[in-house]
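Next come the chains, spelled out residue by residue.
There are 2 protein chains.
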Amino acid sequence: MGLIVQKFGGTSVADAERIKSAASKIVKSHLDGNRVIVVVSARGKTTDELVNMAYAISDNPASRELDMLLSTGEQITISLMAMAIHSLGYPAISLTGSQVGIRTDSTHTKARIVSISTEKIDVELNNGNIVIVAGFQGIDVESNITTLGRGGSDTTAVALAAKMKADFCEIYTDVDGIYTADPRLVPDAKKLKQITYDEILELASLGAQVMQPRSIEFAKKYDVPIHVRSSFNNSSGTLICKEAPEMEDIVVSGATISKNDAKITIRGIPDKPGQAANIFHEIAAKNINVDMIIQNIGAMGLADVTFTVPKEDLKVAMLTAEEIVKKIEAKEVVADKKIAKLSIVGIGMRIHSGIAEKMFSSLANEKINIQMISTSEIKVSCIIDENMAEKALLAIHKTFGLAN
Amino acid sequence: MGLIVQKFGGTSVADAERIKSAASKIVKSHLDGNRVIVVVSARGKTTDELVNMAYAISDNPASRELDMLLSTGEQITISLMAMAIHSLGYPAISLTGSQVGIRTDSTHTKARIVSISTEKIDVELNNGNIVIVAGFQGIDVESNITTLGRGGSDTTAVALAAKMKADFCEIYTDVDGIYTADPRLVPDAKKLKQITYDEILELASLGAQVMQPRSIEFAKKYDVPIHVRSSFNNSSGTLICKEAPEMEDIVVSGATISKNDAKITIRGIPDKPGQAANIFHEIAAKNINVDMIIQNIGAMGLADVTFTVPKEDLKVAMLTAEEIVKKIEAKEVVADKKIAKLSIVGIGMRIHSGIAEKMFSSLANEKINIQMISTSEIKVSCIIDENMAEKALLAIHKTFGLAN
Chain A
12 MGLIVQKFGG
22 TSVADAERIK
32 SAASKIVKSH
42 LDGNRVIVVV
52 SARGKTTDEL
62 VNMAYAISDN
72 PASRELDMLL
82 STGEQITISL
92 MAMAIHSLGY
102 PAISLTGSQV
112 GIRTDSTHTK
122 ARIVSISTEK
132 IDVELNNGNI
142 VIVAGFQGID
152 VESNITTLGR
162 GGSDTTAVAL
172 AAKMKADFCE
182 IYTDVDGIYT
192 ADPRLVPDAK
202 KLKQITYDEI
212 LELASLGAQV
222 MQPRSIEFAK
232 KYDVPIHVRS
242 SFNNSSGTLI
252 CKEAPEMEDI
262 VVSGATISKN
272 DAKITIRGIP
282 DKPGQAANIF
292 HEIAAKNINV
302 DMIIQNIGAM
312 GLADVTFTVP
322 KEDLKVAMLT
332 AEEIVKKIEA
342 KEVVADKKIA
352 KLSIVGIGMR
362 IHSGIAEKMF
372 SSLANEKINI
382 QMISTSEIKV
392 SCIIDENMAE
402 KALLAIHKTF
412 GLAN
Chain B
12 MGLIVQKFGG
22 TSVADAERIK
32 SAASKIVKSH
42 LDGNRVIVVV
52 SARGKTTDEL
62 VNMAYAISDN
72 PASRELDMLL
82 STGEQITISL
92 MAMAIHSLGY
102 PAISLTGSQV
112 GIRTDSTHTK
122 ARIVSISTEK
132 IDVELNNGNI
142 VIVAGFQGID
152 VESNITTLGR
162 GGSDTTAVAL
172 AAKMKADFCE
182 IYTDVDGIYT
192 ADPRLVPDAK
202 KLKQITYDEI
212 LELASLGAQV
222 MQPRSIEFAK
232 KYDVPIHVRS
242 SFNNSSGTLI
252 CKEAPEMEDI
262 VVSGATISKN
272 DAKITIRGIP
282 DKPGQAANIF
292 HEIAAKNINV
302 DMIIQNIGAM
312 GLADVTFTVP
322 KEDLKVAMLT
332 AEEIVKKIEA
342 KEVVADKKIA
352 KLSIVGIGMR
362 IHSGIAEKMF
372 SSLANEKINI
382 QMISTSEIKV
392 SCIIDENMAE
402 KALLAIHKTF
412 GLAN
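Taken in sequence, the protein lines are chains A and B.
The opening residue of the first sequence carries number 12 in our numbering; numbering runs sequentially from there.
The opening residue of the second sequence carries number 12 in our numbering; numbering runs sequentially from there.
Please keep in mind that the hints were generated in silico from the structure rather than gathered at the bench.
Treat the hints with care, since some could be wrong.
Just so you know, same-sequence chains aren't split out, so a pair can sit in one copy or run between any two.
Said to hold, decoys possible - Computed cross-link-like contacts, DSS-like style, restricted to lysine-lysine with a CA-CA straight-line distance of at most 27 Å:
id, residue 1, residue 2
1, 409, 297
2, 270, 56
3, 338, 121
4, 201, 337
5, 31, 56
6, 322, 369
7, 322, 283
8, 402, 231
9, 121, 201
10, 131, 121
These figures come from a predicted structure and were not determined experimentally.
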């Protein structure tokens, strides 16, 4: 007899029909002889509605009270899900984060799980119940209700699976797995049968459609196999797991483009030691994450430094950069928002060579100019013109034989 | 420095504007130097909406899960109320029934409070906070969420006031006090300055507009003065309290009509000992509350027994009565739904005589026939034709000088 954690997201429990449909999937796992723990999110737009209620009252609601408010969304879903399972004739019990004993720190609206008590869940599983747990929520040491932030229900599901030593954690969502590329951009993208935690973390922009990086990091740390699958059909999805020997044959697992970054260039920097440290110390002090950095030494002992930042931080980053320009007596600073980051990811890159070169050639063949390059052990990323992004993705997808 | 419990019902917190308005009243009490505990209900139609969600899933939702679901209604209100007080610049904290430590029995959907822990509330009051408590809810010994049934938030407020030894309990609602009669039926009905617990309990149909009898019984038991007042204006309302000497001068405090009962008559009962016991034993076995009973001995040793039951129980009561008729060999049973119960209530009746006679004369003057009579120490009730009810109420109201 196995132990499975099944998580249903907001779109999978948006209305009575979908809750009943999810209940059928849950009951099927129960009838297959498994002990089943279910984690649910708030229904459809419930969280947005609750947030709107708060902002109708206050421009700046206290985070403790926001958590008190938002946690009702999942509490509604757990009770309805238990009723749906009951009406199919099977035993189920709903539990809030507090009732389970999901302890977090006190960082309201983005709390981190500190510990999970298994006692109550064990009792209810031993009673023969399907146990329905409210995702996204916990309590701190003073019993204040906390929430886990974006993707919090995924975190709850993975944490429960880790703590309960579940055989695997099924994430039911509105896509049916992880693809080699975004199928809306690459029509012949292929669903992956399996992918490693590291690859999915690098494929952030693909992974973000399905699960938040934080819960994947958690799954990796505790070695919880995650099965991402659709709540609307029965096709098998994608398994996210640790590296297996046969996976090294797949050199590139997926390709992705992201338009979330902007590029800043500081020109004419007097070339002396400590200039880069000066620049990035100031940027970091504003809590801005710099992704790629390149530095060129130009004519007359003057250097140019180019780096990328999230588009949402561009305004603050530019103000900071302008101050830096004055301070270090550089010539000027310019920004470019019209860029895209094209990435290929694959665990097999570690043992196969020439992958980056193959990517650059493919882009050259398409007459696409590469502005910046960064690599990791299992990833190559290039910054290119935003207008070329989709064309580049199609070319790369084909070059690495990712299509069906 | 006083301690006040203030309760705001569903209509008083129905939308953002009303919550803000209630928050102003709360802050005013805080600024007057009081320690303030606030109890709130679910907003407007929230409970109905939640119940509809449940019945969209299941025809027969489990009561434990209904409680899990319904308790979110009050949890939403407490968080919004805390935000509204914060945005006025004052400290407040919301607490669920579980967080306060409101322990109940395990009778889901109509649980009874077993104990209340004051520790958390004391801490938060000592921190200078206005404490906002979710009404209607508690937890049982296994930490299951329970709800207290109809009027549950009133019960929470009164129980907290009793336990915390509050100076008084303010019930904010959509009427501005208790009247000598229903102002919709008697245009010159007068708002009462004060009334005793016993009177308000007898004036059930008036009291029901404002508070459930159960919470008034609780207030009486623990001697909690209740101030019923409007959440929409600042006029002083009606104080419900224990008897004071000056209140005995008021012979009749109020008059009321109720159309909730039906009358059943069993005719031609062989007149022998134990027949009444036979009849009412069977009726009681169906959990039907009989209100008035009269018995006449007619010709040939046959008796008639007439009694009233709640209209909603009439069908079951008639089926039972028909079985009884066969069993005791009575002649027949007939029902009459077109009746009304006219009542006058007043603590002063105890020491003033001739009150019932004055009521009967007044009805006789209006040519209204009295079908049944029942009296208690502080009440006289008559069953009359339903069509005469409003006319009778106006006459009685005038006879006893209740008008403005």
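We went through each hint and held it up to the structure:
1. 409 - 297: neither (40 Å within a copy, 78 Å between copies)
2. 270 - 56: within (26 Å within a copy, 44 Å between copies)
3. 338 - 121: neither (36 Å within a copy, 71 Å between copies)
4. 201 - 337: neither (51 Å within a copy, 79 Å between copies)
5. 31 - 56: both (18 Å within a copy, 25 Å between copies)
6. 322 - 369: Intra 29 Å, inter 85 Å, cutoff 27 Å: neither.
7. 322 - 283: Result: close neither inside a copy nor across copies, 30 Å intra and 95 Å inter.
8. 402 - 231: Intra 33 Å, inter 79 Å, cutoff 27 Å: neither.
9. 121 - 201: Classified as neither; 34 Å inside a copy, 55 Å across copies.
10. 131 - 121: Result: close both inside a copy and across copies, 25 Å intra and 25 Å inter.
Checked against the numbered hints listed earlier, the structure breaks hints 1, 3, 4, 6, 7, 8 and 9; every other hint is satisfied.
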